[in-house]
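Taking our numbering, the leading residue of the sequence shown gets 1, the next gets one more, and so forth.
Careful: at least some of the hints might be erroneous.
Claimed, not checked - Simulated crosslink set (DSSO-like; lysine-lysine; CA at most 27 Å straight-line):
1) 40 x 299
2) 40 x 297
3) 297 x 239
4) 40 x 239
5) 299 x 239
Unchecked claim - Across the chosen pairs, the derived CB separations fall in these ranges:
6) 255 x 119: 53 to 61 Å
7) 278 x 251: 25 to 33 Å
8) 352 x 275: 26 to 34 Å
9) 96 x 277: 47 to 55 Å
10) 277 x 57: 33 to 41 Å
11) 309 x 171: 52 to 60 Å
12) 17 x 109: 50 to 58 Å
13) 199 x 110: 25 to 33 Å
14) 201 x 113: 28 to 36 Å
15) 139 x 278: 19 to 27 Å
16) 30 x 118: 14 to 22 Å
17) 302 x 201: 53 to 61 Å
18) 171 x 290: 54 to 62 Å
Hints listed in this document are in silico derivations from the structure and should not be mistaken for laboratory results.
Glycine is no exception: its CB is placed at the ideal position from the N, C-alpha and C atoms.
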Amino acid sequence: MRHRGSAPLVQIEGRRWLRLDNYVGVLETPCGTRIEILPKQTHGLTTVVAARRVLVRMLREALDLPVRESAPSALETFDAPVSEWIIQCFLQELNALARRGLRFDYRLVEEEARFLRGRLLVARQVRQPPPRRHLFQVEHHVYDPNRPENRLIAAALAKASWATRDPGNWRLAHELGHQLADIQPSHDVAGDFRRWSSDRLMQHYRAIRTWCELILDDRNPLSSLGQWTGLSLLFPMEKVFERYVERTLRRSLPHSARLRTQAAGQSLCRHDGRSVFQLRPDFLIEYQGSTWVVDAKWKLLDASDAANHYGLSQADFYQMFAYAHRYRSGAGELALVYPACETFDAPLRPFDYGAGHILHVLPLDLDSGHLPSPLCQTA
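Produce the entire structure from the sequences given, and follow the hints as far as they go.
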């Protein structure tokens with residue numbers, strides 16, 4: 001299984017093992033079997049429930065999901081896959097939207113009617129055969145909910161209704177299905193998303209769009225590969241962790257600090273008058289004349305394994321060395337952020353590149369979102 005021509009997404013090892021390349025989420029097979037992939041055993045993730053809770057927290061932050069606060073439910077104990085939580089959030093948002101009222105719109109239709117309504121299509125009417133001249137060829141507007149936003153919602157609801165195995169989700173999905181029975185599900189998902197209106201009259205639709213994108217795979221291109229249309233939700237863990245680190249930094253840094261992501265102003269060298277090998281650190285922080293260069297790495301370290309350099313990658317250190325020489329001209333330091341785990345729950349002693357370039361290796365607690373100093377205190 002591959003993701004659009006890239007490296008294999010799932011590799012089969014023998015008859016009993018599947019290897020996934022740093023993805024988390026849920027895979028659903030045509031026979032209905034669900035395969036849940038949870039984050040590595042990081043700090044505090046000693047049970048499936050804890051791993052699901054942290055994954056949901058990270059997805060909320062990384063994807064900026066508009067989660068509606070509601071009364072506690074069985075799913076909040078995280079005894080079901082993450083896909084059921086996503087379906088629940090979508091259904092709660094749709095239920096609130098349905099209570100407020102769906103947006104209707106005028107739509108131009110042409111039809112053959114027994115009475116005159118709207119505008120008579122004279123050219124068609126004069127060509128009516130004698131047995132049908134008592135019928136009118138008319139064109140008129142109808143006020144109905146058949147608009148792109150509602151078609152996408154209906155398509156997402158149909159998929160959620162079919163995919164859910166939670167009794168509460170199933171019951172609410174079918175109740176909402178009766179309310180949306182007059183709306184045809186979208187047959188052109190990409191086109192209807194492009195036609196989604198964002199004017200002020202549609203502001204109450206903004207939150208549900210995110211859930212529609214997730215369920216209909218517009219936002220998650222790794223879902224539903226091939227002809228299978230089951231609800232599979234896979235997320236690249238490196239990107240999720242990187243976005244989670246970004247949200248943590250934005251909460252922790254002073255308001256006057258400037259945080260840039262994927263800065264692309266420098267390259268490793270020049271050749272024939274042009275830049276070669278562009279350098280893109282994950283984060284560039286500028287505050288009171290100092291510059292911090294920060295990269296996020298989804299890898300478990302072992303602070304007791306000094307003989308093997310704690311599991312750190314030499315290539316990452318070369319990369320940070322290049323960042324230091326291209327992005328730092330004065331004060332400031334470097335940092336690599338890794339997920340906290342049982343074997344790495346405190347910053348390592350700083351690494352000194354010389355010439356004033358200091359590299360910090362910091363653990364980020366995924367459960368609490370705490371990133372220790374000196375990064376947030378100094379920046």
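Now for the hints, and whether the structure bears them out:
A distance of roughly 9 Å separates the Cα atoms of residue 40 and residue 299; the hinted pair therefore holds under the 27 Å criterion. With a C-alpha separation of about 13 Å, the suggested pairing of residue 40 with residue 297 holds against the 27 Å cut-off. Of the pairs offered as hints, the one joining residue 297 and residue 239 holds, with about 10 Å between alpha carbons and a cut-off of 27 Å not exceeded. Distance hint between residue 40 and residue 239 is fulfilled; the C-alpha atoms sit about 15 Å from each other, no more than 27 Å.
Our distance criterion of 27 Å between C-alpha atoms is met by residue 299 and residue 239, whose separation comes to about 13 Å. Between residue 255 and residue 119 the beta carbons are some 59 Å apart, a value that agrees with the proposed interval 53 to 61 Å. A C-beta distance of roughly 29 Å is found between residue 278 and residue 251, which places it inside the suggested range of 25 to 33 Å. For the hinted restraint 26 to 34 Å between residue 352 and residue 275, the CB-CB distance of approximately 29 Å keeps it satisfied.
At about 50 Å, the beta-carbon gap between residue 96 and residue 277 stays in the expected band of 47 to 55 Å. For the pair residue 277 and residue 57, the supplied restraint of 33 to 41 Å holds, since their beta-carbon distance comes to about 36 Å. Between residue 309 and residue 171 the C-beta distance comes to about 54 Å, which sits within the given range of 52 to 60 Å. For the pair residue 17 and residue 109, the beta carbons lie near 56 Å from each other, so the given range of 50 to 58 Å is met.
With their beta carbons about 27 Å apart, residue 199 and residue 110 fall inside the hinted range of 25 to 33 Å. At about 30 Å, the beta-carbon gap between residue 201 and residue 113 stays in the expected band of 28 to 36 Å. Taking the beta carbon of each, residue 139 and residue 278 are about 56 Å apart, not inside 19 to 27 Å as hinted. Evaluation of the 14 to 22 Å hint for residue 30 and residue 118 yields a failure: the beta carbon distance comes to about 47 Å.
In this structure the hint that residue 302 and residue 201 lie 53 to 61 Å apart at CB holds, the actual value being about 56 Å. Separation of residue 171 from residue 290 is about 56 Å and conforms to the stated range, judged on CB atoms against 54 to 62 Å.
Checked against the numbered hints given earlier, this structure breaks hints 15, 16; the rest are met.
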